[in-house]
Amino acid sequence: MDDLYRDEILEHYRKPHNFGTLPEPDAVQEGSNPLCGDRITLMLGIGASGTIDQVAFTGRGCAISQASASMLTDEIKGKPLAELARLGKDDVLESLGIEISPARLKCALLSLETLRRALAGRVAWQASTE
Amino acid sequence: MTAVTQAVPAIDRETGGRAAALDTDHSSEAVARPIDVEQIRRDFPIFERDFGGQRLAYLDSASTSLKPRTVIEAVDGYNSRYTANVHRGIYTTGEEATAAYEAARVKAAHFMNAPDSHEVVFVRNATEAINLVAYSWGRRHIGQADTMVLTEMEHHANLVPWQLLSQEKDADLEFVPFDGQGVLNQQSFEVLLRTRPKLVAFTQVSNGIGTINPVREMVAAAHEAGAIVLVDGAQAVPHGPVDVVDLGCDFYVFSGHKVLGPTGSGVLWGRRELLESMPPFMGGGEMIREVHLRRTEFNDVPWKFEAGTPDIAAAIGLGAALDYLSAIGMNNVRTHERELTQYALELLPREVPDIRIYGPPSADDRAGIVTFNLPGIHPHDVATLLDRAAVAVRAGHHCTQPLHERMGEAATARASFNVYSGRDDIDRLAAGLRDVQRIFSRQA
Numbered sequence: 001m002d003d004l005y006r007d008e009i010l011e012h013y014r015k016p017h018n019f020g021t022l023p024e025p026d027a028v029q030e031g032s033n034p035l036c037g038d039r040i041t042l043m044l045g046i047g048a049s050g051t052i053d054q055v056a057f058t059g060r061g062c063a064i065s066q067a068s069a070s071m072l073t074d075e076i077k078g079k080p081l082a083e084l085a086r087l088g089k090d091d092v093l094e095s096l097g098i099e100i101s102p103a104r105l106k107c108a109l110l111s112l113e114t115l116r117r118a119l120a121g122r123v124a125w126q127a128s129t130e
Numbered sequence: 001m002t003a004v005t006q007a008v009p010a011i012d013r014e015t016g017g018r019a020a021a022l023d024t025d026h027s028s029e030a031v032a033r034p035i036d037v038e039q040i041r042r043d044f045p046i047f048e049r050d051f052g053g054q055r056l057a058y059l060d061s062a063s064t065s066l067k068p069r070t071v072i073e074a075v076d077g078y079n080s081r082y083t084a085n086v087h088r089g090i091y092t093t094g095e096e097a098t099a100a101y102e103a104a105r106v107k108a109a110h111f112m113n114a115p116d117s118h119e120v121v122f123v124r125n126a127t128e129a130i131n132l133v134a135y136s137w138g139r140r141h142i143g144q145a146d147t148m149v150l151t152e153m154e155h156h157a158n159l160v161p162w163q164l165l166s167q168e169k170d171a172d173l174e175f176v177p178f179d180g181q182g183v184l185n186q187q188s189f190e191v192l193l194r195t196r197p198k199l200v201a202f203t204q205v206s207n208g209i210g211t212i213n214p215v216r217e218m219v220a221a222a223h224e225a226g227a228i229v230l231v232d233g234a235q236a237v238p239h240g241p242v243d244v245v246d247l248g249c250d251f252y253v254f255s256g257h258k259v260l261g262p263t264g265s266g267v268l269w270g271r272r273e274l275l276e277s278m279p280p281f282m283g284g285g286e287m288i289r290e291v292h293l294r295r296t297e298f299n300d301v302p303w304k305f306e307a308g309t310p311d312i313a314a315a316i317g318l319g320a321a322l323d324y325l326s327a328i329g330m331n332n333v334r335t336h337e338r339e340l341t342q343y344a345l346e347l348l349p350r351e352v353p354d355i356r357i358y359g360p361p362s363a364d365d366r367a368g369i370v371t372f373n374l375p376g377i378h379p380h381d382v383a384t385l386l387d388r389a390a391v392a393v394r395a396g397h398h399c400t401q402p403l404h405e406r407m408g409e410a411a412t413a414r415a416s417f418n419v420y421s422g423r424d425d426i427d428r429l430a431a432g433l434r435d436v437q438r439i440f441s442r443q444a
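Residue numbers (my numbering), protein chains in the order written: chain C, 1 to 130; chain Y, 1 to 444.
Keep in mind that the hints were calculated from the coordinates and are not lab data. Even for Gly, the Cβ is constructed at its ideal location relative to N, Cα and C. Errors might be hidden in some of the hints.
[Said to hold, decoys possible] Among chain Y residues calculated to face chain C with C-beta under 8 angstroms, some are:
#, residue
1, HIS380
2, ASP381
3, THR384
4, ARG388
5, ALA395
6, GLY396
7, HIS397
8, CYS399
9, ARG406
10, ALA410
11, ILE439
[As the list claims (entries may be wrong)] Label pairs and their computed distance ranges (CB to CB):
#, chain 1, residue 1, chain 2, residue 2, range
12, Y, GLU102, C, ASP90, 51 to 57 angstroms
13, C, ASP74, Y, VAL160, 38 to 44 angstroms
14, Y, ARG49, C, GLU24, 20 to 26 angstroms
15, Y, ARG69, C, ALA103, 40 to 46 angstroms
16, Y, THR263, C, ALA103, 30 to 36 angstroms
17, Y, PRO45, C, VAL28, 50 to 56 angstroms
18, C, GLU30, Y, GLN39, 48 to 54 angstroms
19, C, GLU24, Y, GLU346, 53 to 59 angstroms
20, C, ALA103, Y, GLN39, 31 to 37 angstroms
21, C, ALA103, Y, ARG356, 21 to 27 angstroms
[Stated by the list, open to error] Coverage of chain C stretches by chain Y, computed from C-beta distances (three or more under 8 angstroms per stretch; other residues unrestricted):
#, region
22, 5-13
23, 35-44
24, 53-64
25, 112-121
When you get a sec, could you build the whole thing from the sequences and use the hints?
The following block contains the structure:
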């Protein structure tokens with residue numbers, strides 16, 4: 001069983017990065033996975049130059065959904081919006097680096113799905129989450 | 001060896017208590033016989049499959065049950081040797097198919113001690129049965145400001161159809177709450193009955209936490225208040241003897257696939273005069289006697305409610321499943337599962353530190369369902385890790401979101417049993433849960 005949840009995922013789950021709220025976010029988006037009750041709220045601060053200057057999230061749920069949100073927020077911090085447009089399912093799965101069964105895919109992709117909705121209209125998304 | 005050793009299944013009828021409803025006996029199969037799990041497992045081909053060097057520890061029977069060879073062969077027999085539609089073909093296989101389909105109806109009636117097999121309507125599952133009653137009986141009898149009483153522990157299948165009806169008719173829905181041990185508050189129920197509800201609908205056994213409700217007493221009280229009563233038996237029928245006459249309800253529903261039968265088989269039982277007074281649910285072939293361009297004369301019950309070609313193979317398979325269980329004896333099934341539940345309720349808190357178990361503390365008040373959480377670990381992670389050890393449990397809200405809201409949990413993990421479940425399954429669950437805890441407490 002041990003190899004499934006590697007230490008890095010458990011570390012992100014126990015001590016998620018960027019966990020909290022922003023006082024004046026430019027975008028706020030809630031996302032949930034009704035199947036298991038995973039839930040996150042993502043807040044973004046977007047700078048004048050069109051980069052993600054600040055990012056924070058709160059949430060509760062399984063290790064995969066919360067670790068994936070922690071990793072994704074690390075990934076997008078400081079990035080220009082144009083660069084985010086290429087961010088897709090494969091990037092998230094690569095960061096997690098573990099085998100994700102079809103039943104757990106929604107948990108893994110909840111944060112990306114939420115990010116996409118948070119930036120709808122600002123970013124012309126290219127890669128699919130399907 | 002995991003066989004049950006008690007010689008005599010206890011009958012709790014005298015207690016008038018919560019357990020009584022699953023411990024009555026109406027059948028002639030009253031011989032008390034311990035269940036030999038190893039022998040039973042030989043009847044289920046899925047146990048021959050290799051799951052990473054292990055036999056599957058299937059602990060999700062409340063979701064759907066495994067299928068014995070006799071059921072698989074019954075379905076295959078219809079599909080390979082006497083495939084034909086029912087109630088139509090004037091030829092050998094057509095008559096064989098009709099006879100097998102109608103024989104399954106008689107078996108279903110006998111299994112729940114229904115006095116008349118014409119009171120048994122074949123549907124796809126319990127959900128369809130409840131929808132049938134909501135649409136056919138409900139639309140005719142529920143009106144504006146009428147009250148329907150449900151409970152807070154209902155499966156979504158016994159909640160959403162009534163919500164739809166209440167929205168359509170502007171009727172009221174009221175809910176009996178349950179306490180910290182998962183037991184319905186009977187004082188609240190009595191108070192709600194003073195509103196003179198038209199309908200009372202509740203589950204015999206909670207699929208979320210396993211509580212066995214005092215059906216007989218609740219039905220009697222509801223009838224005194226003038227209500228029609230529907231009992232959801234989806235989680236009761238697989239786990240012990242059921243007697244609809246003794247329970248006294250007006251409608252009783254269950255799913256065939258939870259009682260060793262195929263998916264696509266389900267039963268609605270209703271008192272004959274009620275079924276006869278109800279308009280059809282769906283129109284089409286089979287449910288008619290005479291059709292003219294502008295009017296139709298409907299068939300007799302139960303066929304009036306079976307529009308179109310039914311799932312013939314599934315119904316025949318269900319008949320085989322009920323034969324299989326009758327040969328074991330449902331009292332023996334109940335004794336076996338109570339013993340397993342007792343074992344789980346003792347073992348898990350001892351072997352798995354900090355585990356939180358929901359529902360009634362005594363196995364006497366529970367069907368074979370043990371719902372739990374490990375603090376700080378989401379049940380989905382628990383289920384994913386257990387799967388690596390070939391232990392299958394359910395994780396989520398088990399189609400009971402309001403029940404979970406009431407308990408203050410977004411999700412739980414659930415282990416549930418059937419005739420093929422043994423102590424070794426629970427041992428593997430306990431060992432798996434310890435591993436999950438070890439993985440989650442591991443420091444990098």
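Hint check results:
1. Taken as an interface hint, HIS380(Y) checks out: its beta carbon lies about 4 angstroms from the nearest beta carbon of chain C, inside 8 angstroms.
2. Among the interface hints, the one on ASP381(Y) holds; its C-beta lies about 5 angstroms from the nearest C-beta in chain C, closer than the 8 angstroms criterion.
3. The closest approach between the C-beta of THR384(Y) and any C-beta of chain C is roughly 6 angstroms, which is under the 8 angstroms cut-off, so the hint is satisfied.
4. Given the 8 angstroms rule on beta carbons, the hint for ARG388(Y) holds: about 4 angstroms separates it from the nearest Cβ of chain C.
5. The interface hint given for ALA395(Y) holds, since its Cβ lies 7 angstroms from the closest Cβ of chain C, which is under the 8 angstroms cut-off.
6. Residue-level restraint check for GLY396(Y) holds (minimum Cβ-Cβ distance to chain C is 5 angstroms; threshold 8 angstroms).
7. The beta carbon of HIS397(Y) comes within 7 angstroms of a beta carbon in chain C, closer than 8 angstroms, and the hint placing it at the interface holds.
8. The beta carbon of CYS399(Y) is not positioned within 8 angstroms of any beta carbon in chain C (closest approach about 11 angstroms), and the interface hint is therefore violated.
9. The criterion of a C-beta within 8 angstroms of any C-beta in chain C is not met by ARG406(Y), whose closest approach is roughly 14 angstroms, and the hint is violated.
10. For ALA410(Y), the interface hint holds, since its Cβ comes within 8 angstroms of a Cβ in chain C; the closest pair sits about 3 angstroms apart.
11. Checking ILE439(Y) against chain C: minimum C-beta separation of about 6 angstroms stays under 8 angstroms; hint holds.
12. Judged by the Cβ atoms, the range 51 to 57 angstroms given for GLU102(Y) and ASP90(C) holds: they are separated by roughly 55 angstroms.
13. For ASP74(C) paired with VAL160(Y), a C-beta distance near 41 angstroms keeps the hint of 38 to 44 angstroms intact.
14. ARG49(Y) and GLU24(C) have their C-beta atoms about 57 angstroms apart, which leaves the hinted 20 to 26 angstroms range violated.
15. In this structure the supplied range 40 to 46 angstroms is violated for ARG69(Y) paired with ALA103(C), their Cβ-Cβ distance being about 28 angstroms.
16. Taken as a hint, the range 30 to 36 angstroms is violated for the pair THR263(Y) and ALA103(C), whose Cβ atoms sit roughly 19 angstroms apart.
17. Evaluation of the 50 to 56 angstroms hint for PRO45(Y) and VAL28(C) yields a pass: the beta carbon distance comes to about 53 angstroms.
18. The hint said 48 to 54 angstroms for the Cβ distance between GLU30(C) and GLN39(Y), and at roughly 53 angstroms that hint holds.
19. About 55 angstroms separates the C-beta atoms of GLU24(C) and GLU346(Y), a value consistent with the hinted range of 53 to 59 angstroms.
20. ALA103(C) and GLN39(Y) have their C-beta atoms about 33 angstroms apart, which keeps the hinted 31 to 37 angstroms range intact.
21. Checked against the hint of 21 to 27 angstroms, the pair ALA103(C) and ARG356(Y) passes, with Cβ atoms roughly 24 angstroms apart.
22. Check result for the region 5-13 of chain C against chain Y: holds, 5 residues qualifying (beta carbon to beta carbon below 8 angstroms, three or more required).
23. Coverage of the region 35-44 of chain C by chain Y holds in this model, with 5 residues showing a Cβ closer than 8 angstroms to a Cβ of that chain against a need of three.
24. Remark: the region 53-64 of chain C is confirmed as covered by chain Y, as 5 of its residues place a Cβ nearer than 8 angstroms to a Cβ of that chain, reaching the required three.
25. Three residues within the 8 angstroms Cβ limit are the bar, and the region 112-121 of chain C against chain Y gives 0, so the coverage statement is violated.
Checked against the numbered hints given earlier, the structure breaks hints 8, 9, 14, 15, 16 and 25 and satisfies all the rest.
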